[in-house]
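Novice: Residue numbers (the working numbering), protein chains in the order written: chain A, 1 to 116; chain B, 1001 to 1114.
Take these hints with a grain of salt, some might be off.
Here are the simulated lysine-lysine pairs, DSS-like style, with alpha carbons at most 30 Å apart [said to hold, decoys possible]: (1) A:Lys64 - A:Lys20; (2) A:Lys42 - A:Lys20; (3) A:Lys42 - A:Lys55; (4) A:Lys14 - A:Lys42; (5) B:Lys1003 - A:Lys42; (6) B:Lys1003 - A:Lys55; (7) B:Lys1052 - B:Lys1003; (8) A:Lys14 - A:Lys55; (9) A:Lys41 - B:Lys1003; (10) A:Lys66 - A:Lys42; (11) A:Lys41 - A:Lys14; (12) A:Lys55 - A:Lys66; (13) B:Lys1069 - B:Lys1003; (14) A:Lys14 - A:Lys66; (15) B:Lys1069 - A:Lys41; (16) A:Lys42 - B:Lys1069; (17) A:Lys64 - A:Lys14; (18) A:Lys64 - B:Lys1003.
Bear in mind the hints are in silico, worked out from the structure with no lab data behind them.
Letter by letter, the chains look like this.
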Amino acid sequence: GAVVSQHPSRVICKSGTSVKIECRSLDFQATTMFWYRQFPKKSLMLMATSNEGSKATYEQGVEKDKFLINHASLTLSTLTVTSAHPEDSSFYICSARGGGSNQPQHFGDGTRLSIL
Amino acid sequence: DAKTTQPPSMDCAEGRAANLPCNHSTISGNEYVYWYRQIHSQGPQYIIHGLKNNETNEMASLIITEDRKSSTLILPHATLRDTAVYYCIVRVLNYGGATNKLIFGTGTLLAVQP
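All chains should be modelled from the sequences, with the hints used to inform the complete structure.
Specialist: Next up, the structure:
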């Protein structure tokens, strides 16, 4: 089946640091990628949608200057959490979908971000 | 996207069939029903999707009622590794655009008991 790889799987860093998370589609071209965050015992919350080569579309309430998304190729999208603070600690999950109209989204295994 | 309603939790005995219901009474004619599951501390895993016909794959079967207002995901022989949160999501299937995103509800926590 389709594979989406997310890296790193876990990050612990100091407050004020910027953190970059990579999401790669390994065996298909991802025309659209999605970024979610998930707090403990809660459901996934969509943060933004990005199409290759264009600016990401952010969900209401998500700061685009805080969460920078780049989708420069059909196999790679990155999420950068800028000047991270403890309240940004969360489980970040990416998802990718190919170009076919009947293609489901496939998810990475997530990145657990802990800001001290 | 149409809203879905699922029971918050269910138990199932190992080896028995697990039947997970989902209510989507406001579903539109061009909205598909998708099922995903999330095992603790992992990303969601795609299971199956359908429009109006019943679907079956190596993981599960999806039964959609004739009026499409509800569906049931069936795991024919549940194992301990099937313990997870199961999400039922309805989504318009277009060639891109804002309506193509998956919006997750709270799902059903299925606990398979030995």
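Novice: So, for every hint listed, does it hold in this structure?
Specialist: Each hint tested on the structure:
1. A:Lys64 - A:Lys20: 14 Å, holds
2. A:Lys42 - A:Lys20: 23 Å, holds
3. A:Lys42 - A:Lys55: 28 Å, holds
4. A:Lys14 - A:Lys42: Since the Cα atoms of Lys14 of chain A and Lys42 of chain A sit roughly 25 Å apart, the hinted pair holds (cutoff 30 Å).
5. B:Lys1003 - A:Lys42: Between Lys1003 of chain B and Lys42 of chain A the Cα gap is close to 17 Å, so the pair holds against 30 Å.
6. B:Lys1003 - A:Lys55: 28 Å, holds
7. B:Lys1052 - B:Lys1003: 17 Å, holds
8. A:Lys14 - A:Lys55: 29 Å, holds
9. A:Lys41 - B:Lys1003: Since the Cα atoms of Lys41 of chain A and Lys1003 of chain B sit roughly 20 Å apart, the hinted pair holds (cutoff 30 Å).
10. A:Lys66 - A:Lys42: 22 Å, holds
11. A:Lys41 - A:Lys14: With Cα atoms ~24 Å apart, Lys41 of chain A and Lys14 of chain A stay inside 30 Å; holds.
12. A:Lys55 - A:Lys66: The given pair, whose Cα atoms are some 15 Å apart, holds under the 30 Å limit.
13. B:Lys1069 - B:Lys1003: Holds - the C-alpha atoms of Lys1003 of chain B and Lys1069 of chain B are around 11 Å apart, at most 30 Å.
14. A:Lys14 - A:Lys66: 16 Å, holds
15. B:Lys1069 - A:Lys41: 28 Å, holds
16. A:Lys42 - B:Lys1069: 26 Å, holds
17. A:Lys64 - A:Lys14: This hinted pair holds, its Cα atoms lying about 21 Å apart.
18. A:Lys64 - B:Lys1003: 27 Å, holds
This entry satisfies every hint, going by the numbered hints stated previously.
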